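Enquirer: The primary structure of each chain is shown beneath.
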Amino acid sequence: MSGKPVTSTQSRAILICSGKGGVGKTTLTANLGVALAKQGARTAVLDADFGLRNLDLLLGLENRIVYTAQEVLSGSCRLEQALVKHKQEPNLSLLPAGNPRMLEWLTPEDMKKITDLLAEQFDYVLIDCPAGIEDGFKNAAAACREALVVTTPEVSAVRDADRVIGLLQTRGIEPIQLVLNRVRPRMMANQEMLSVSDVTDILALPLLGLVLEDEQVIVSTNRGEPLTLNGSRSPAGQAYTNVARRLRGEEVPLADPSKEGQGLRAKLGRLMHTKIF
Amino acid sequence: MTLRDFIDKLLGRQPASAGMARQRLQLVLAHDRSDLNPELLEQMRREILEVVSRYVEIDLEEGDVSLETEDRVTALVANLPIKRARPKPLPPGGDPSMATI
Ligand SMILES: Nc1ncnc2c1ncn2[C@@H]1O[C@H](COP(=O)(O)OP(=O)(O)O)[C@@H](O)[C@H]1O
Ligand SMILES: [Mg+2]
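As you go down the protein sequences, you meet chains A and B in turn. Quick note: the first sequence uses my numbering, first residue 1, plus one each step. Quick note: the second sequence uses my numbering, first residue 1, plus one each step.
Hints are supplied without guarantee of correctness; some may be wrong.
[What the hints assert, rightly or not] Calculated lysine-lysine pairs in the DSS-like style (CA-CA distance at most 25 Å, straight line):
| id | chain 1 | residue 1 | chain 2 | residue 2 |
| --- | --- | --- | --- | --- |
| 1 | B | K9 | A | K267 |
| 2 | A | K275 | B | K9 |
| 3 | A | K85 | A | K38 |
Keep in mind the hints are simulated off the structure, nothing from the lab. Since the model is a prediction, treat every value here as computed from it, not as a measurement.
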């Protein structure tokens, strides 16, 4: 454990990172934020991707931004003025990213300062981390005690995740848990995609959640309404809700998608992959 | 070999790609994690073989020094079949057969 001061014993600041871009960090942050809030936890989501901010859009809050983290840091507004409260889910607030030029002067101490302020009022502070392992990542990581690493079952995403996990571990961030996104059960059953255990064995992290490839993710981003907002029964929506429950300490079993299904296709798939010699 | 692999072979099809992905990842991660590039590893391998063969005669064909990784721990694994021990260790740089490695 690192010696970072705890502002509130209850508050958990969690970094959501991946190394590689486009694997689903922002989607996870938005859905997890909503799900935690719905489950009664006071939750703040902080967009730390100052270069390519998107969290406001996924949450449907883009038109309600007045101030950002930038004004809070420079002291030109109070935190309460910058926080955008979600109308439908008042337990959830967004602290928007400032303009991309923030990247030039922002320090790890700044990020810590903002996170500590949020930790005074919220049970969960989720930080949507930028891709890469440069300053943006380092600033965001400095503010967190625990992390979720998002990856997909693809070689490049897993390799980048491995890099990031190494960096998080040297910083004493604990626990680090894995969310495997864009899983395609059919491809896994056909052994044309790394299996769940391949990825967890290689990265050696506890698996917090499995999210299937799901068209509804795109539909929900079009609307600016995360799947978890209206209790969507879609596979990804349920997966995000389960991630939130597990994060809060509830035991929710994980199913192996490649072994799922009792249908003929699934049985045939298993037969094809039993060792014959 | 699985039934699927067998049928693939019969039909002359490419084997399923997940296995390849796994193997390639394991190799590339062993290197990423140790921060050793292949050139340095090769140099280290040569020097390890050199030292060991001053004490014992090793089977250079079968010998292998490689990085392996499991549970985020990377290990340097040397597998060096010994043909016979040398009655007396050779001085440094004293094995003529090493010139060929
Ligand atoms: N489970 C999923 N199923 C389908 N599409 C997804 C899924 N997760 C993410 N996506 C899509 O992938 C793209 C990248 O997601 P995003 O969350 O912005 O990634 P990141 O923040 O890591 O760059 C988006 O277009 C998003 O809609
Ligand atoms: Mg993003």
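Enquirer: Can the restraint linking B/K9 and A/K267 be considered satisfied, given a maximum Cα separation of 25 Å?
Expert: holds, 22 Å
Enquirer: Would the pair A/K275 and B/K9 pass a check requiring their Cα atoms to be no farther apart than 25 Å?
Expert: Judged against 25 Å, a Cα distance of about 15 Å means the pair holds.
Enquirer: Would the pair A/K85 and A/K38 pass a check requiring their Cα atoms to be no farther apart than 25 Å?
Expert: holds, 13 Å
Every hint, counting from the list given before, is met by this structure.
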